[in-house]
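K.L.:
Taken in order, these protein sequences are the chains called A and B.
The opening position of the first sequence corresponds to residue 1 in this note's numbering, with each subsequent residue numbered one higher.
The opening position of the second sequence corresponds to residue 101 in this note's numbering, with each subsequent residue numbered one higher.
Fair warning: there could be bad hints in the mix.
[Said to hold, decoys possible] Below are the BS3-like pairs computed for lysine-lysine, each with C-alpha atoms no more than 30 Å apart in a straight line:
(1) B:K161 to A:K35
(2) B:K171 to A:K72
(3) B:K172 to A:K71
(4) B:K161 to A:K27
(5) B:K171 to B:K127
(6) B:K172 to A:K72
(7) A:K24 to B:K135
(8) B:K172 to B:K135
(9) A:K62 to B:K159
(10) B:K135 to A:K71
No lab work stands behind these hints: they were computed from the structure.
Protein chains: 2
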Amino acid sequence: MSEQSHYQYNVSMSCSGCSNSVSKVLKRLEPAVSKVDISLEDQTVDVFTSLPYETILEKIKKTGKTVNSGKKL
Amino acid sequence: MSEQSHYQYNVSMSCSGCSNSVSKVLKRLEPAVSKVDISLEDQTVDVFTSLPYETILEKIKKTGKTVNSGKKL
Chain A
1 MSEQSHYQYN VSMSCSGCSN SVSKVLKRLE PAVSKVDISL EDQTVDVFTS
51 LPYETILEKI KKTGKTVNSG KKL
Chain B
101 MSEQSHYQYN VSMSCSGCSN SVSKVLKRLE PAVSKVDISL EDQTVDVFTS
151 LPYETILEKI KKTGKTVNSG KKL
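Just chain A, same shape as in the assembly (with noise of 0.2 Å):
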């Protein structure tokens, strides 16, 4: 099993439709993402996956939200 990292992305999403369509976009990444937490409170996007931090922010990028910061956990 390859190695899992957790990356912490602020992204502006202003409904729960804004949160579902990351969070869908994120799981079709699935098995090499493993789990995806949304707080749309708190506009954050957790993941934790086996791939590089630049490939989840182009995913996400390309639901046209913006992308404020990440960082990895």
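With chain A's structure known, arrange chain B on it following the hints.
P.N.:
Relative to chain A, chain B alone:
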């Protein structure tokens, strides 16, 4: 100048954040996409483009929004 087509897609969008995301992603395709009209009320995305129907469809799907139908007008 290449021939322009007008496609209309029915897309589930629940807020202006949702529709802005779709708009933003499609406008990245300029100048191959010349115009994007989105109606949140009608749940429609109208695209004027020289690109194929499927190319635009795939781009919208990557936003994580559900595309219910689409047609060439």
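K.L.:
Which hints from the list above does the structure break, by number from lowest to highest?
P.N.:
2, 3, 6, 10
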